[in-house]
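Q: In case you want the letters, here they are:
There are 2 protein chains.
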Amino acid sequence: MAALLRSRFVGGSILKVADLNPLVLKAEYAVRGQILQRAMEIEADIKAGNAKWPFDRVVRCNIGNPQALGQTPPKFARQVLSMIMNPELLATGVSSYSTEVLERARTYATAIKGGVGAYSDSKGVRIVRDEVAAFIEQRDGYPSDPEAIYLTDGASAGVRHLTQLLLRGPQDAILAPSPQYPLYSALATLGNGSIAPYYLDEEADWSVAVDELERAYAAAAKAGNIPRGLVIINPGNPTGASLTREALDGIVHFCQRRDLVLLADEVYQENVYGTAPPFVSLKKVMRDLRADDVPLVSFHSISKGFTGECGLRGGYFELANFRTDVRAQLTKLASISLCSNVVGQIGVGLMVNPPTSPEEKSAYEADRDAKLDSLERRAELVADALNALPGVSCARAQGALYLFPNIEVPPKAVDAAAAAGLQPDAFYSLRMLESTGLVVVPGSGFGQKNGTWHFRTTFLPSPDDIESVVARLAGFHRGFLEEFADPAEPAHPSPSSDL
Amino acid sequence: MAALLRSRFVGGSILKVADLNPLVLKAEYAVRGQILQRAMEIEADIKAGNAKWPFDRVVRCNIGNPQALGQTPPKFARQVLSMIMNPELLATGVSSYSTEVLERARTYATAIKGGVGAYSDSKGVRIVRDEVAAFIEQRDGYPSDPEAIYLTDGASAGVRHLTQLLLRGPQDAILAPSPQYPLYSALATLGNGSIAPYYLDEEADWSVAVDELERAYAAAAKAGNIPRGLVIINPGNPTGASLTREALDGIVHFCQRRDLVLLADEVYQENVYGTAPPFVSLKKVMRDLRADDVPLVSFHSISKGFTGECGLRGGYFELANFRTDVRAQLTKLASISLCSNVVGQIGVGLMVNPPTSPEEKSAYEADRDAKLDSLERRAELVADALNALPGVSCARAQGALYLFPNIEVPPKAVDAAAAAGLQPDAFYSLRMLESTGLVVVPGSGFGQKNGTWHFRTTFLPSPDDIESVVARLAGFHRGFLEEFADPAEPAHPSPSSDL
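Chain order of the listed sequences is Y and R. Using the UniProt record's numbering, the first residue of the first sequence is number 1, and each one after it goes up by one. Using the UniProt record's numbering, the first residue of the second sequence is number 1, and each one after it goes up by one.
It should be emphasised that the hints constitute simulated quantities derived from the structure, not laboratory data. Treat the hints with care, since some could be wrong.
A pair counts as met if it fits within one copy or between any two copies, since identical chains are not told apart.
Unchecked claim - Within a straight-line C-alpha distance of at most 27 Å, the following computed DSSO-like cross-link-like pairs (lysine-lysine) qualify:
(1) K75 <-> K361
(2) K371 <-> K361
(3) K113 <-> K75
(4) K113 <-> K371
Input sequences plus hints: build the corresponding full structure.
A: Set out below in C-alpha cells:
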C-alpha cells in the first residue's frame, strides 16, 4: 500500500498549498500583488457603506489600464469592430459610420473565414499579419515576413511562449533589467529557470550600460547559470526611460558577442514624450548593424500607446533571424492554446493600419495627438510634484505610462516596516493606500539596488482627477515623514539632492 | 572563458532546435499537427492555381470549429456584444435591436468599469461570475460561489493553470483517458510531468470503468509516479461518449478513495444527442454523494454547444472543495497574464444567461433547437455511412462534435506506412487528405489501444455539404482498401462485425 499512499495530500485529504507545484508558490507578480488585494478589500468595504476610510474611492495607479480611468476607446477601430461583431450590421450598415468604416469591416469579414466566431490559424489571421508586416516595414525601412509574425492575447502570451521555448532548466537564466516589469521574473520562475538581473542606471535616466550587461553576464556565468536571452524594455517599465541610439547599438553588439536571444519589449513605442530620445526599434538597429546572427523577438500590444485597449487582449511578436524549424516549435506552442482571440487580432490590425480617408484620418490624428499630449502633461505634472517633495527624487518622464520615484524612507519607518514583516517601500505603499485610496506598486516588486526604495505609479488618472491625486499623494508623503521623523532632528529640512 | 562560452548555441551562433527546451520539443498536439500542416500547404497550392489536386477545396474536419464551416453566430449575443464594442451605439441605439438587447448591453456597460477596453480583475468581471454561479446553481441544485469561478480565454487556459498548479515535477502524473483530447498530454509534458493513461471501453460506448481507473492508478504508482488528478472528458473528446450516472458515481468515489483532484472537462455539456445518457455535472454528482473532500474543477467554454463561439475565446472554470489559500495561488497564476479577454468574458455571460423576453426567448430557443437537431442528424448520417464501410466500425454518436471510427488498416498499408515513417492511421489520414481534401486527425494523436487504429472527424460540415463529404470519405476508403488489398484474397468481402 505504500506506493498507493504516496498521492495523499500533505497531512490529510484536502489539497493544501504545500501540495502544489513549488514553482507556482515561488512566482511573484507584484503589479497585482498584496497592495492590490488590500485595495480590493477596501473597495468592498466602501461598497458596503463602511465609512471608516478617509476617502470615497480607490484609484488604481498600480497598472497601465487607461480606459479604467476614463480614457476613451479609439473610435474608428471600435466602429469597425462593432460591425465585425454583428454581421447583420455589415449588411444593413450603420447610418453614423463612414464609408471607410464599412469598407474596412467588409475587408476583414471577407478575408476571415468564419469571422470572429471561428478559431483562426494558430499564428493568427493572415490579413492582420500582413498589416503588421507592412507597419514594421514602414517603421523600420527593412523587410518583414508575415510568416514570422504571431498574433497573441496581449504581449504577455508571447513572452510566455518565448520563455518556455528558451529555458531548459534550473541552470538557464535570462538577463533582465532591475527594476523590471515582473512578468519576466514570474515566467522565468514558472519555467524553472531564473532571471539574471542587470541594473539600470538611475542617475542616467535609467539607461542600460553595456558594462553592466557584461557584469551581469559574468556574474550569472560565475554562479553556474547559462544566460539564454536578454530582455530590453524600451521605453522602460517601470522606469519610463527611452533608450538612446548609442545604448541600443551597444545592446545589439552585446547580444551578438554573447549569443543571446534579444527579447525586445517595445509595447510603449508610441509613448515617448518631449525631448526624450525618439523610439527606434531593436529590429532596425540590428539590421542597420548587419547583426543578422542575433535572434530577435519584438513584442507589441494594443494595450498601451494611445489605443489603450487592454481588455481586448491583442498583441503580436515578430521573429527575426529565427530558423524555420525553431519557428515551427513556437507555432506548436501557440497551437496548444488553439489561437489568440480574433477580436484582439483585428484590434492589432486596426492599430497598425489606421484610417486613411481625409475625414477619418484627421479625426484619428487629432485624437491621437490629444491623448499623447495629455499623457505627457500629466507625466510632467506628477514628476514635478514628486520632485518637490522632501526625500523624493524622480527621473524625468521620458516614455511609457509610469514614474518610478526614489523615496528615502526614514529609519523609524524602516523599523516599523520590519515589525510589520514588510519591505520599507511596501509599508510606505500600504500606508499610502490606507490614507489616500491611491494604489501604487512598491519598488521591491520590480527589483532595485540594495538600500534604495521606490514605487511605481501610472500618470493615468484623468486630467480632471490628476491634480487631486497629486495633492493627496503629497499630503500623505509629508504626513508619513512627520509620523516617522527622528525626534532628535528636524524632519527633512530640504529636498535631498545627493541620491 | 570556458564559462562564458557555455551559452553559445549548439554548433554555431544561430539558435537551433537542439538549443530549445526539450519539453517543448517533446510536447505533441496532433489536432493541429502534421496533417493540418500538409492541408495548409495544399490550400496554398490551390490558391496559387495549381490544379494538381483532385478537389477544389480543403474541408477542415480536424477541429470543432463550427462557424468556420458555416454555422451562424448566436444573434442575441452578437447584438449585445456589438453595442458593448462601440459605446456610441449604446447611446444612439440600433433600430433593429430589441429592448432586451439594449437593456442587457447597458447592464454590462454599467457594471464593467472601462468596458471591454479595460483589464478586468484577474478572475474576470464580477457580473459575469455572478451569472455563471446562478447558471450552475440552476443546473445542479447546489450553491455556487462566484469567488470560486474564474473566467478564462477558452477552457484551455484554465486547464493550463490547473496542470501548472498540480504538477510538481517528473514524478507527478495526471490520469487521463486514452483516447484523449491531447491538450492534457501536451500540457503535462510542458509542465515536466506526465499522463497516466486509462483506457476507455470502445465496446461499451467508450465508457469509463472504475476497474480500469484502478489499474491505471496502480500501474502509475508501480512505475514510480504520483497520480495527482484525474481528467474526465464528458461528453467525450474524441469519442463523443456521454457517461452514465453510474459511471460518474464511480469516478467520484474513485477520486475520494485515491485523493485525486477531479478535472471535469464538461465543455460539451450541451451536446448530448438522442437516447444517450443525459448530461449530469460531476459537481452535482459530488454533492449528491456528499463527497465534499474531493477537490473538483469543472471547465466550460463558449466554443462548443450550439454557440460555437470559438474565436471569441471565452470560458470558465469553477472550483469546488478548494481551500482559499490554494485558490489564491490560482488567482496569482491568472494575474500573470493580467486577465482573459473581456469580450470573451461577456460572451460567457450571454451563454449562461440567455434572453428572457418572450420574443427574444422564442427566437433563441428555436435557433438552439435547430442547431442541436442539425448536429444530431449530421452525426447519425456520418456514423451510419462509416458503419456501412468494410473494415470500419463506429460507436453511435452520443455527444460532443466528433466521431472516432475504428479502422482496420490492411497489412500492406501498414507496411507502406512504416516505409513512410508514419503510424498506419496517420498514413491513412494523409492519404484521405490528398485524395479528398478532408482533414481528419489520426487516432494515434489521441492515444488508443495497441494494434487498433482510428481517426477523429467532426460532423460539422454544413447540412448542404455533409452528403458530399460522406461520399468522398466513402470513396476514398474503398479505393484505399483496393489499393492495399492482399492479392491472394478478396478485399474485405463483408463489413467486419467482430471488432
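Q: Run every hint past the structure and note whether it holds.
A: Hint check:
1. When the C-alpha separation of K75 and K361 is checked against a cutoff of 27 Å, the pair qualifies only within one copy, where the shortest distance is 11 Å, while the shortest distance between copies is 32 Å.
2. Proximity of K371 and K361 under a CA criterion of 27 Å is satisfied intra-copy only: 15 Å inside one chain copy versus 43 Å between copies.
3. Both within a single protomer and between protomers do K113 and K75 lie at most 27 Å apart by alpha-carbon distance, with minima of 25 Å and 18 Å respectively.
4. Proximity of K113 to K371 under the C-alpha cut-off of 27 Å is restricted to the inter-copy arrangement: shortest distance 20 Å between copies versus 35 Å within a copy.
In this structure, every one of the numbered hints holds.
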